[in-house]
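*Asks:* Residues per chain are reported as follows:
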Amino acid sequence: MNLPNRTRMIILLVAVLLLGAVGTGAVLYAADRTSRRDQAQPGGPSVASGAVSLDAPSGGRQLLFRNMAWGPHRDEITTVPADHPDGPRTASGVQCLRFHAAAGTGICLQAQHGALEDTYRAVILDDHLRERRSFPAAGIPTRSRVSPSGHLAAWTVFVSGDSYAGSNFSTRTSVVDVRDWNLRENLEDFAVILDGHPYQAHDINVWGVTFADDNTFYATVASAGQTHLVRGDLTARTLTALHDNVECPSLSPDGTRVAYKKRVPGLPADSPWRLYVLDLATMTETATAEQREIDDQALWSGDATLVYALPGDYGADLWTVPADGSGSPQALTKAAVAPAYLG
Amino acid sequence: MYVADSRGSKAPVAPSAGPLRRGAVPGTVLALGTVSMVTDISSEMVTAVLPLYLLTGLGLSPLGFGLLDGIQNGFSALVRLAGGHLADRRGRDGAARHKAVAALGYGLSALCRPLLLIVHTVPLIGAVIAVDRTGKGLRTAPRDAMISLATEPANRGRAFGVHRAMDTAGALIGPLTAFLVLRLAGGQMLADGGERHGYDAVFTVSSCVAVLGVLILLLFVPNRQQADDPSTPAPSLRDSLTLLRLPGLRRLTSCAVLLGLTTVSDSFLYLLVQRRLGLSVSLFPLLPLGTAAAFLLLAVPLGALADRIGRHRLFLAGHGVLLLAYGVLLSPLRGVPAAVCVLVLHGAFYAATDGVLAAATADAVPAEQRGAGLALVGTGQALARFACSLAFGALWGAVGGPSALGWSAGALALCVAGAAAVLRPSEPVVVEENP
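Residue numbers (the numbering used here), protein chains in the order written: chain A, -13 to 329; chain B, 1144 to 1578.
Take these hints with a grain of salt, some might be off.
[Said to hold, decoys possible] Label-pair distances were calculated between CB atoms; the ranges are:
no.	chain 1	residue 1	chain 2	residue 2	range
1	A	Leu4	B	Val1262	54 to 62 Å
2	A	Leu(-1)	B	Gly1543	52 to 60 Å
3	B	Pro1373	A	Val8	24 to 32 Å
4	A	Thr224	B	Leu1267	24 to 32 Å
5	B	Leu1267	A	Leu4	25 to 33 Å
6	A	Pro28	B	Leu1533	54 to 62 Å
7	B	Ile1261	A	Gly73	36 to 44 Å
8	A	Gly182	B	Leu1258	42 to 50 Å
9	A	Pro239	B	Ala1556	55 to 63 Å
[Unchecked claim] Some residues of chain B that are not near chain A, with every Cβ distance over 12 Å (derived):
no.	residue
10	Ala1220
11	Ala1312
12	Tyr1342
13	Ile1359
14	Leu1361
15	Gln1369
16	Gly1403
17	Leu1414
18	Leu1429
19	Gly1536
20	Gly1549
21	Gly1561
Simulated from the structure, these hints should not be mistaken for laboratory data.
Quick reminder that beta carbons are idealized off the backbone N, C-alpha and C, glycines included.
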């Protein structure tokens, strides 16, 4: 453009003012919308502060989860009686993005808000939800589990690479023994055995640990576009593939079956998964009655029922479905994610 | 040839005949650097939050989809060649259309940002990213052509260094800006499902920044560069297709391809840094910042060094530095100091090769075919690096990461030696041009 300098500067100045106003407006609008999340919604669950313990409850089974309902206790770990999941919630004051607990040990994946960026950490909680120890995490929390004994905790985070498309995502999965704090920071370092042979590749990812005992666990290993159910051995540092197309396994309390996300052929690319159950003795797959897409590591409520999160008005709601393929999905409670049963 | 060569005498030399003081960076280069910086702030804002947005804003699991990277790479290469050729064509006023094609490229990418506010599915987001990359492919060659045409041949290394430093600064500022916006817009970043307002604010601010970049280009970059001579005939498609007949360009392109075939991609390098040097996984997200910081600090001094000792020489030396980085990775050294060492060498490699290659290419191509020549070398290098990624991934599966790097280091050493043999005789040959 052959404009005089003065004109060019004026055009630039006006543009900066206009664009600045648009940008500021967008930020203020977003801030206003976000602040509404701190006010409780009419008709939402009632939440009150109280004592939350991870010990076996005396007064019946308890269900714990991250409360997603708007209000002052949003994102806190809350508890409800298991037989009254829609009842008043008792909030612990501990905020977690992902959570699981067993036998007096809790794992809580938290965001830490820093000056220049947010970082994440995995916190091991004692029976009164007090921090015992924390570990830095490399990315966005996605899965967490505690072993039935309460001795081991595992967590998975997403790590994004530096490429624009966000397509070179990878996961990092860590396991720690809370008795001696022996940390296996990256399960990708374990030897992978696929079809009976050692397997190595640059794109191995491990996620979704579920514990059988204090040495054996199950998880998903992915490489070259394939996912595999593996049985892991902490002492031998091995991951042995058992079955294909299994993500986010969850072992039943009796140790005979694994509930998991199966990528079902013919479904849309951005909602490919359905909830299945695999019998480990026979390797037979059973589809559950849940027909919607699921992106969660399911939880067993006893040996017959699965609990899982589905997208809801306030982020996520909890649902249940029988594990044997019968029945139909039932809503468990609204505005909740990352459940764990105690007792 | 270079003015710099005559500066041995004791007598204070008055600023030479050119319109610029020796050493001063032309306003056009600063304007283009600003455009790149502003545009990079805009695009890196989106890059930084996109994974979080897909995961928590849209509730999509990143492992549920793979975006079509391979096809996209090939398509981008073609777009870049087309951008270079179209930019060399002449408009009604007889001037080359570098600015127009660059504006089209920047404009296309700027249009993509507000689109992110309205598309919410993976295929559509993938399409928006594809259009954004098309814009990037289109603008790269004309932009570099304008930098070369606006600068005295003797100062080009430094001019490209200044541009690359500004560009990298934008890439570092972008994620910080995005974080600041998210923080101002709503405390908690990570709210699963349906919580999109903070991200929408990031996309809106990013759009505004992108528009500003295009505006600065339109207002402050001249339509015609000083070395662009309207009396020369506009190159035909055949001229662009037969560019490789120029011996200097042929040599440079073959070297860029040869060396690109042994340049292990950033993501593989970071993976090896983390695993082999025993870094905590929580440090992994910081590795690209290390490279970028070193690139930012070294781009200008190394660009100026290239002007003094020769661009080909520095381009080769840069790959020697990369070889050193591989060497540190393969050595028994471990821990954070070794990682810092690798990243500084990696950043120095970029500073010694990225802008320097463009400056060397400008020497080898006449002004009227500058865009197509730059596109050719850049595309050759990009495709070679892509091929290297595929090969390296396969090699990793066969022999493991460290061994794959060992093989790559050997191949890189051979290619550097080969490239040195090819480039040596061409050093004194510089295409004459009328400033």
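*Asks:* Looking at Leu1429(B) again, its CB stays over 12 Å from all of chain A?
*Replies:* violated, 10 Å
*Asks:* Is 36 to 44 Å right for how far apart the beta carbons of Ile1261(B) and Gly73(A) are?
*Replies:* Distance hint for Ile1261(B), Gly73(A) holds at roughly 40 Å.
*Asks:* Does the Cβ pair Leu4(A), Val1262(B) satisfy 54 to 62 Å?
*Replies:* Violated: the Cβ-Cβ distance is about 25 Å, outside 54 to 62 Å.
*Asks:* Holds or violated: 54 to 62 Å for the Cβ distance of Pro28(A) and Leu1533(B)?
*Replies:* Given range 54 to 62 Å: holds, Cβ gap about 57 Å.
*Asks:* Grab the minimum beta-carbon distance between Ala1312(B) and chain A and tell me whether it stays above 12 Å.
*Replies:* holds, 16 Å
*Asks:* Take the C-beta atom of Pro239(A) and the C-beta atom of Ala1556(B), compute their distance, and say whether it sits inside 55 to 63 Å.
*Replies:* The hint (55 to 63 Å, Cβ to Cβ) holds, given that Pro239(A) and Ala1556(B) are roughly 58 Å apart.
*Asks:* Would you assess whether Leu1361(B), listed as outside the interface, keeps its beta-carbon beyond 12 Å of every beta-carbon in chain A?
*Replies:* Leu1361(B) not clear of chain A: closest Cβ-Cβ about 6 Å, inside 12 Å.
*Asks:* Check the following: the C-beta atoms of Gly182(A) and Leu1258(B) are separated by a distance inside 42 to 50 Å.
*Replies:* Since the Cβ atoms of Gly182(A) and Leu1258(B) sit about 49 Å apart, the hinted range of 42 to 50 Å holds.
*Asks:* Confirm or reject: Gly1536(B) is not an interface residue toward chain A, with every Cβ-Cβ distance exceeding 12 Å.
*Replies:* violated, 6 Å
*Asks:* Does Gly1561(B) really sit off the interface, with its C-beta more than 12 Å from all C-beta atoms of chain A?
*Replies:* About 27 Å separates Gly1561(B) from the closest Cβ of chain A, which puts it past 12 Å; holds.
*Asks:* Does Leu1414(B) clear chain A by more than 12 Å, comparing its Cβ with all Cβ atoms of that chain?
*Replies:* The claim breaks: Leu1414(B) does not keep its Cβ more than 12 Å from every Cβ of chain A (closest is about 7 Å).
*Asks:* Does the beta carbon distance between Pro1373(B) and Val8(A) stay inside 24 to 32 Å, or does it fall outside?
*Replies:* violated, 39 Å
Violated hints, listed in ascending order, are 1, 3, 4, 12, 13, 14, 17, 18 and 19; each of the other numbered hints is respected by the structure.
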